[in-house]
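**Q** Each chain is listed here by its residues.
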Amino acid sequence: MQIPYQAKIPSKNHNVSTESLIAKSFQIILSLIIFILISIVFVYLSLGIIISFAPINFGKILGESFAKNFQAESKSVPYQQEEQIQNIFAKLKNVDPQLQSLELRIINSNDLVNAFALPGGIIIIGTGLLEELKSEQEIAMILGHEIGHQVNRDYLQRLSKSALILVIYSAITVGGSEVPIASSLNDLLDLSFSRRQELNADQFGLELLNKVYHSSFGAVEAFQSILQIENKLSTNHKFLDLNILKTHPDTKYRIKKLSEKVAK
Amino acid sequence: MEFIILVVLFFTGLIFGTLNERKHYRSIQKREADLIQRPLVSFGKKANPIYQGFHGELVSANVVISIDYFKKFVANISNLIGGKVVSYETLLDRARREAILRLKESCPEADFIINTRIETASIGKSTNNSVACVEVLVYGTALYRVN
Numbered sequence: 000m001q002i003p004y005q006a007k008i009p010s011k012n013h014n015v016s017t018e019s020l021i022a023k024s025f026q027i028i029l030s031l032i033i034f035i036l037i038s039i040v041f042v043y044l045s046l047g048i049i050i051s052f053a054p055i056n057f058g059k060i061l062g063e064s065f066a067k068n069f070q071a072e073s074k075s076v077p078y079q080q081e082e083q084i085q086n087i088f089a090k091l092k093n094v095d096p097q098l099q100s101l102e103l104r105i106i107n108s109n110d111l112v113n114a115f116a117l118p119g120g121i122i123i124i125g126t127g128l129l130e131e132l133k134s135e136q137e138i139a140m141i142l143g144h145e146i147g148h149q150v151n152r153d154y155l156q157r158l159s160k161s162a163l164i165l166v167i168y169s170a171i172t173v174g175g176s177e178v179p180i181a182s183s184l185n186d187l188l189d190l191s192f193s194r195r196q197e198l199n200a201d202q203f204g205l206e207l208l209n210k211v212y213h214s215s216f217g218a219v220e221a222f223q224s225i226l227q228i229e230n231k232l233s234t235n236h237k238f239l240d241l242n243i244l245k246t247h248p249d250t251k252y253r254i255k256k257l258s259e260k261v262a263k
Numbered sequence: 000m001e002f003i004i005l006v007v008l009f010f011t012g013l014i015f016g017t018l019n020e021r022k023h024y025r026s027i028q029k030r031e032a033d034l035i036q037r038p039l040v041s042f043g044k045k046a047n048p049i050y051q052g053f054h055g056e057l058v059s060a061n062v063v064i065s066i067d068y069f070k071k072f073v074a075n076i077s078n079l080i081g082g083k084v085v086s087y088e089t090l091l092d093r094a095r096r097e098a099i100l101r102l103k104e105s106c107p108e109a110d111f112i113i114n115t116r117i118e119t120a121s122i123g124k125s126t127n128n129s130v131a132c133v134e135v136l137v138y139g140t141a142l143y144r145v146n
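Protein chains in written order, with numbering that gives the first Met the number 0: chain A, 0 to 263; chain B, 0 to 146.
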C-alpha cells in the first residue's frame, strides 16, 4: 500500500501573533491608569453632592476631638459675657429648624483671635476675636458666617476629599509608609477652607443677619474690624503666626464683595 | 525588598526567556525541515494495519515547557481586560511542534505514523505563586512494513 504523502512547511506561523508583548502590556497598563484616573476624578467631583445630604451634626466624634484641643487653651474662668453671646447664637439658630443641633463653644483665651466651624455642628469662637467686635450685629455676622460653613458642610467636603487622597496614596504605596498618613491628619486639623467656601459662608451670614435683624448693618463692619486686627497684628510681628492670617482669604476682597451684596 | 525580587524576576524572564525561545525556534525549524518527509497523519482510526501488510506500534512523546515570569506578568495584565493572551501563544506553539518532532524522532524506522493525537495539560498550577508549565503529549500508531 502506498499512501500519497506530500508535506510542506507553512511559510508563516499563524498560531503566533506578531504583536510586541511589551508594547501590548504598556498599552493595557496605560489604558487602565487612564480609566482609574477618570473614575477617581468622578468620585472626587461627586463627593461634594453626596456630602451635602449628610446630617448637619455628622462627624460629632471627630469634631469633639478637635474641640478638645481648643478647650485646653481656654482659661478655667468662663467668659463673663458668655450668656449674651449664646443668646445671639440662639436668635440665629431659631431662623431654621435644621440649625437647632448646632452648638457654640466660647474659648476664653485672648490669643485665639479666630472662629472655626468643626464637624458635627460645633462652632468655636475665641474671646480674642469677640473683644475686637464692636456690636451685636458684628458678632452675629461672624457667627452667621460659621453657621454658613456648617450648613454647606464645608468641613466634611474638605475632610472627605483629604480622606480620598489618603486612600489613593496608601493604595499606591501599598500602605508602605506611616509618615504621610500622619501628615495628612495634620492637614485635616488645618482648618482652612477654599476661597469659594468662605465667600459662600459670607453670603449665608449676610442673609441670616438680614433675617434676624432686618438690616445689613454689621456685615461689612465685622470684616472691617477683622481688617483692623490684621493690620494691628502685621505691625506687631510677634503675633504674625496667629491663625486668622492663614485660614481666611484676603479680607479686603471679602469686604468689597460683601459691600456689593449689601448695596443690592 | 519584594518589589526588587519581582523586578529581577521580570527582567530575568524577559532576557533569558526571549533568548531561550529564539534558540528553541531555530532548533525546531531546522529539525522540521529535516523530518518533513517522514509521514505523520491524524487519520487512520479505523485502519487495521495487520490486513494491510503492516505491523503497528503505539508511539508517544511529550514535552514540558515552563513559562517565565515576564510572560506571566504580561498574561496577568491581559487577563484584566480580556482578549488574546499573546504571551502564551508562542509557548503552546513551541510545545506542540517540539512534541511532534520528538514523536517523529522516537521511531526513525517507521514508514508512517497514523492516528496522531495531541493532548495538552498544565502542571504546577496548584500553588498560587508558582509559575505553571505546559505539558504536551503526542501519541499515535507507528506502522512498519512487514516483509
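These aren't lab readings, by the way, just hints derived from the structure by calculation.
Note that the structure is a prediction, hence the values are computed from the model and not measured.
A virtual CB, placed ideally from N, CA and C, is assigned to each residue, including glycine.
Please note: incorrect hints may appear among the correct ones.
Which chain A residues stay away from chain B? Per the calculated CB distances, all over 10 Å, these [said to hold, decoys possible]:
1. N14
2. L20
3. S24
4. L31
5. S51
6. S73
7. L132
8. E135
9. I167
What follows is a list of derived Cβ distance ranges for each label pair [stated by the list, open to error]:
10. A:S193 <-> B:T11: 47 to 53 Å
11. B:G123 <-> A:K7: 22 to 28 Å
12. A:I167 <-> B:E134: 50 to 56 Å
13. B:E134 <-> A:S16: 21 to 27 Å
With a straight-line Cα cutoff of 25 Å, these simulated PhoX-like cross-link-like pairs (lysine-lysine) come out [what the hints assert, rightly or not]:
14. B:K83 <-> B:K45
15. A:K231 <-> A:K255
16. B:K83 <-> A:K133
17. B:K29 <-> A:K7
18. A:K92 <-> A:K251
19. B:K22 <-> A:K23
20. A:K133 <-> A:K260
21. B:K71 <-> A:K23
22. B:K83 <-> A:K7
23. A:K210 <-> A:K260
24. A:K23 <-> B:K83
25. A:K23 <-> A:K7
26. A:K11 <-> B:K44
27. A:K74 <-> A:K255
28. A:K210 <-> A:K160
29. B:K44 <-> A:K7
30. A:K210 <-> B:K45
31. A:K133 <-> A:K210
**Q** Now tell me if each hint is right for this structure.
**A** Verification of the supplied hints:
1. The Cβ of A:N14 does not lie farther than 10 Å from every Cβ of chain B; its closest approach is about 5 Å, which violates its non-interface assignment.
2. Some Cβ of chain B comes within 10 Å of the Cβ of A:L20; the nearest lies about 5 Å off, and the non-interface call is violated.
3. With a least CB separation of 5 Å from chain B, A:S24 falls inside the 10 Å interface cut-off, contrary to its annotation.
4. Look at A:L31: its CB is around 6 Å from the nearest CB on chain B, not clear of 10 Å, so calling it non-interface is violated.
5. For A:S51, the non-interface assignment is confirmed: its Cβ lies about 35 Å from the closest Cβ of chain B, beyond the 10 Å cut-off.
6. Every CB of chain B lies more than 10 Å from the CB of A:S73, the least distance being 49 Å, so the non-interface label holds.
7. Interface exclusion of A:L132 from chain B stands, the closest Cβ pair being 57 Å apart, more than 10 Å.
8. Look at A:E135: its CB is around 63 Å from the nearest CB on chain B, clear of 10 Å, so calling it non-interface holds up.
9. No beta-carbon of chain B comes within 10 Å of the beta-carbon of A:I167; the shortest separation is about 19 Å.
10. In this structure, A:S193 and B:T11 meet the distance hint of 47 to 53 Å, their C-beta atoms being roughly 50 Å apart.
11. Take B:G123 and A:K7: their Cβ atoms lie about 36 Å apart, and the range 22 to 28 Å is violated.
12. As the Cβ distance of A:I167 to B:E134 is approximately 43 Å, the hint placing it in 50 to 56 Å is violated.
13. Between B:E134 and A:S16 the Cβ separation comes to about 23 Å, which falls inside the hinted range of 21 to 27 Å.
14. Under the criterion of a C-alpha separation no larger than 25 Å, the hint pairing B:K83 with B:K45 is inconsistent with the structure, at around 37 Å.
15. For the given pair, A:K231 sits about 20 Å from A:K255 by alpha-carbon distance, which is consistent with the 25 Å threshold.
16. Proximity of B:K83 to A:K133 is assessed by CA-CA distance (about 75 Å); at most 25 Å being required, the pair is judged violated.
17. For the hint pairing B:K29 with A:K7, the CA-to-CA distance comes to about 13 Å; that is within 25 Å, so the pair holds.
18. Distance hint between A:K92 and A:K251 is unfulfilled; the C-alpha atoms sit about 28 Å from each other, more than 25 Å.
19. Distance check on the hinted pair: B:K22 and A:K23 sit about 23 Å apart at the alpha-carbon level, within 25 Å; holds.
20. At most 25 Å may separate the alpha-carbon atoms for a hinted pair to count; A:K133 and A:K260 meet this at roughly 22 Å.
21. Between B:K71 and A:K23 the alpha-carbon distance is near 14 Å, which keeps this suggested pair within the 25 Å criterion.
22. In summary, the hint linking B:K83 to A:K7 is not supported, as the alpha carbons are separated by about 28 Å, beyond the 25 Å threshold.
23. At most 25 Å may separate the alpha-carbon atoms for a hinted pair to count; A:K210 and A:K260 meet this at roughly 15 Å.
24. Under the criterion of a C-alpha separation no larger than 25 Å, the hint pairing A:K23 with B:K83 is consistent with the structure, at around 11 Å.
25. About 32 Å separates the Cα atoms of A:K23 and A:K7, which puts this hinted pair outside 25 Å; it is violated.
26. As the CA atoms of A:K11 and B:K44 are separated by approximately 30 Å, the hinted pair breaks the 25 Å bound.
27. A hinted pair counts as satisfied when its Cα atoms are at most 25 Å apart, and A:K74 with A:K255 does not qualify at roughly 36 Å.
28. At most 25 Å may separate the alpha-carbon atoms for a hinted pair to count; A:K210 and A:K160 exceed this at roughly 33 Å.
29. Taking the CA atoms of B:K44 and A:K7, the gap is about 23 Å. The hint holds against a cut of 25 Å.
30. Between A:K210 and B:K45, the direct Cα distance comes to roughly 100 Å. Violation of the 25 Å bound is thereby established for this hinted pair.
31. A hinted pair counts as satisfied when its Cα atoms are at most 25 Å apart, and A:K133 with A:K210 qualifies at roughly 20 Å.
The structure is inconsistent with the numbered hints 1, 2, 3, 4, 11, 12, 14, 16, 18, 22, 25, 26, 27, 28, 30, although it conforms to all the rest.
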